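Got chain A; can you put chain D on it based on the hints?
As a plain string of letters, each chain reads:
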Amino acid sequence: MQSEKWSLTQEAFNGLLDSLAPNRDIAAERYLEIRKKLVRLFEWRGCSTPEEYADEAVNRCAKKIGEGEEIRDVATYCIGIARMLLHEMARERVREGRFLDEVPEPHTVPTEPGSDPEHGVECLRRCLGELSPGNRDLILNYYQGDKGEKIKTRKGLTELFGVPASTLRMRALRLRQRLQLCAEQCVQQHATIAL
Amino acid sequence: MSGSQSDMRSEPIDEMLLIKYLLGDLSEEEQVRVEDRAFADADYRGALEAVEADLIDAYVRGELLPAERHGFERRFLISPQRRKKVAFARDLARVAAEAKAAESASSIRLSAWQALLRLVRGWNPVLQFAAGLAVLIFVVGSSLLAIQGVAMRSRVAVLETQRHDLQARTEGLQRQLGEEQARAGSLAAQLQQQQKAGGAPVPLVASLVLLPGLSRAESRREQLVLNPSAQIAHIEIQLEPGDNYPRFRAELRTLRGEEVLIRGSLPRRRATAGYSVSFDVPASALAEGQYELALKGLLNDQSLQDVGYYYFSVQKQ
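Top to bottom, those sequences are chains A and D. For the numbering used here, count along the first sequence from 1 and bump the result up by 287. For the numbering used here, count along the second sequence from 1 and bump the result up by 24.
Next comes chain A alone, as it looks inside the complex (with noise of 0.2 Å):
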């Protein structure tokens, strides 16, 4: 990313509050949300620092409406802003030369170096055992077997529950959401009682 030289001040932070919305908790809610959606973008778009990225896409729109630019519709404006940007990431790869980020990295130590893999595994299972026996169950049976035993195990899970297969998938995705958080979180306090 080429380096932009201004940085978010908080009077340009304060403007971009004040054009999201007049009170300031919904401002804030706002402006979350939209750099959630940028992360997001920029993780979809197989980028390698996406927070980065969607930190200044927000700083350039701020610095736009500091200088008194008129944006009607800010998460469009952002949206925009963050696809000029990964232009201009496309384009600096092939200019510089910085493959490097397109080689995959070994993802066999996902986790600080000197960490236990098996952490991990011992985290996920304390997660799962405070999950109730009926979550339990269901992302154990939904994420399990290879491709086709997976179409039929959700068929039939669908059967059981007794709804739409795009119910039970959200319900699942949730409750992996959460697995992978409380996993996480574990790791991390593991690591720090490890310190």
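Hints are computed from structural coordinates only; laboratory data are not their basis. As the structure is a computational prediction, the values presented were derived from the model and not from experiment. Certain hints may be false.
To be verified - Which residues of chain D face chain A? A partial, calculated answer using Cβ under 10 Å: (1) Phe63; (2) Asp65; (3) Ala71; (4) Leu72; (5) Ala74; (6) Ala77; (7) Asp81; (8) Arg98; (9) Ala123; (10) Lys124; (11) Arg277; (12) Leu285.
Ideal Cβ placement from N, Cα and C applies to all residues, glycine included.
Same frame as chain A, now just chain D:
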């Protein structure tokens, strides 16, 4: 806007399209369409996240085709957030497999136990005791073997994934080395050519002049050609004699309506014939495609009046 959003919502969800999007196999226009719908429709965004979870699971189970695996590694293994998702998926697959194995082992043990009980009920007490002991030894032994088998399969799966990763990384580094060598060779050749040609500098600024009465008609498209070295696009709009405003405002957007930039308070300058308004745009802000430039006159009371709409396309060399 709300009409088009509700149209989007009623469209069925094409999961193959979402997989292609996540693997980076769609054109820029198609990617933008998927993202716009995902931002406007929470159900669609949920479907995209669910497809992403299934794709990650398929990767850790080694179910992806080589091309898909390659696309996945380029897009998923470079951000910490996604690496965490991959690590979690691996743990979940392992725990789910263990749970399934434990469940089937327990059901096998239960049915074998019931059959033996029925058989043994007809025997005398000594035989019943001996058979009970034998069954107990068999059950304990087979349970231990089943647990060891599950652990062994998990280790094999982990080792297999590690081997794939190392292979992918080696291939990636080799590819990078080849690309760097090719790039170095091409730069050297370019330098030589430039030296032979007398070192003519490559232009860093690309210019576009929009004439009154021509570009304002949508049927007529000017073209801005950006070569790879262009850093800035200089856009000049020639004014008609009646365009007599103290200041101007230029709004540049794509034909899809996405704002690219807005320049306010632009002065009018004397040109060879009449007056013109000009401004610079970073070349990086302009992707290939069609653009609309709205020029507005800014009056002293800060009100705006439309001067004209200009259309042009950007082409990259």
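Violated constraints from the hint list, given by number and in increasing order: 2
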